[in-house]
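Using the sequences and the accompanying hints, generate a full structural model.
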Amino acid sequence: GGLPKGRIIEIYGPESSGKTTLALQTVAEAQKKGGICAFVDAEHALDPVYARKLGVDLENLLISQPDTGEQALEITDTLVRSGAIDVLVVDSVAALVPRAEIEGEMGDSLP
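Sequential numbering from 1 applies to the sequence shown in UniProt numbering.
Since the hints were made in silico from the structure, they are not lab data.
Where hints are given, some of them may not hold.
With a Cα cut of at most 30 Å, we get these calculated DSS-like pairs of lysine-lysine [as the list claims (entries may be wrong)]:
(1) K33 with K53
(2) K32 with K19
(3) K19 with K33
(4) K5 with K53
(5) K53 with K19
(6) K53 with K32
(7) K5 with K19
(8) K5 with K33
(9) K32 with K5
Restraint-style ranges between C-beta atoms, simulated for each label pair [to be verified]:
(10) Q71 with G18: 24 to 30 Å
(11) D77 with P14: 27 to 33 Å
(12) P14 with E103: 29 to 35 Å
(13) I102 with K33: 36 to 42 Å
(14) E59 with E103: 33 to 39 Å
(15) A100 with K53: 33 to 39 Å
(16) E103 with P4: 33 to 39 Å
(17) E43 with P4: 23 to 29 Å
(18) H44 with P14: 17 to 23 Å
(19) G55 with E101: 34 to 40 Å
(20) P98 with G13: 32 to 38 Å
(21) I9 with G83: 15 to 21 Å
(22) R81 with D57: 20 to 26 Å
Backbone N, C-alpha and C fix where the C-beta goes; we use that ideal spot for every residue, glycine too.
Pasting the structure below:
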């Protein structure tokens, strides 16, 4: 059982249904087996106390809190291409907001 290596897995469901918990449990298990893990916290909502309770070794977890969707995807691309990461979590895809939207440029140029 488990998750396939080298694949993109999307965990989806309603808010507060356990998506991040499942992702953190996956990280904890991978770390226990000596895996190198990264967490791209696009929501800026990673709770270190909760992560530790689930068994995540935060000292050995690569954590990034990007400001824009583009930045998150650049970081993700770099980590994947490095080949050094066993588990990479992007939490969440819904939080990957484009820079233009954050800076209010989208829809500003109405006729």
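Structure-based check of all given hints:
1. K33 with K53: Between K33 and K53 the Cα gap is close to 18 Å, so the pair holds against 30 Å.
2. K32 with K19: 20 Å, holds
3. K19 with K33: 22 Å, holds
4. K5 with K53: 25 Å, holds
5. K53 with K19: 16 Å, holds
6. K53 with K32: Given that 30 Å is the threshold and the Cα spacing comes to 14 Å, the pair holds.
7. K5 with K19: Answer holds: K5 to K19 is near 19 Å, not above 30 Å.
8. K5 with K33: 14 Å, holds
9. K32 with K5: Cα-Cα ~16 Å, so holds.
10. Q71 with G18: 24 to 30 Å: 27 Å, holds
11. D77 with P14: 27 to 33 Å: 29 Å, holds
12. P14 with E103: 29 to 35 Å: 30 Å, holds
13. I102 with K33: 36 to 42 Å: 37 Å, holds
14. E59 with E103: 33 to 39 Å: The hint (33 to 39 Å, Cβ to Cβ) holds, given that E59 and E103 are roughly 35 Å apart.
15. A100 with K53: 33 to 39 Å: Given about 38 Å between the Cβ atoms, the range holds.
16. E103 with P4: 33 to 39 Å: For P4 against E103, whose Cβ atoms are near 38 Å apart, the range 33 to 39 Å holds.
17. E43 with P4: 23 to 29 Å: Check passed, 25 Å falls within 23 to 29 Å.
18. H44 with P14: 17 to 23 Å: 21 Å, holds
19. G55 with E101: 34 to 40 Å: Because 36 Å falls inside the window, the suggested range holds.
20. P98 with G13: 32 to 38 Å: This hint is violated: roughly 24 Å between Cβ atoms.
21. I9 with G83: 15 to 21 Å: 18 Å, holds
22. R81 with D57: 20 to 26 Å: Since R81 and D57 have Cβ atoms about 24 Å apart, the given range 20 to 26 Å holds.
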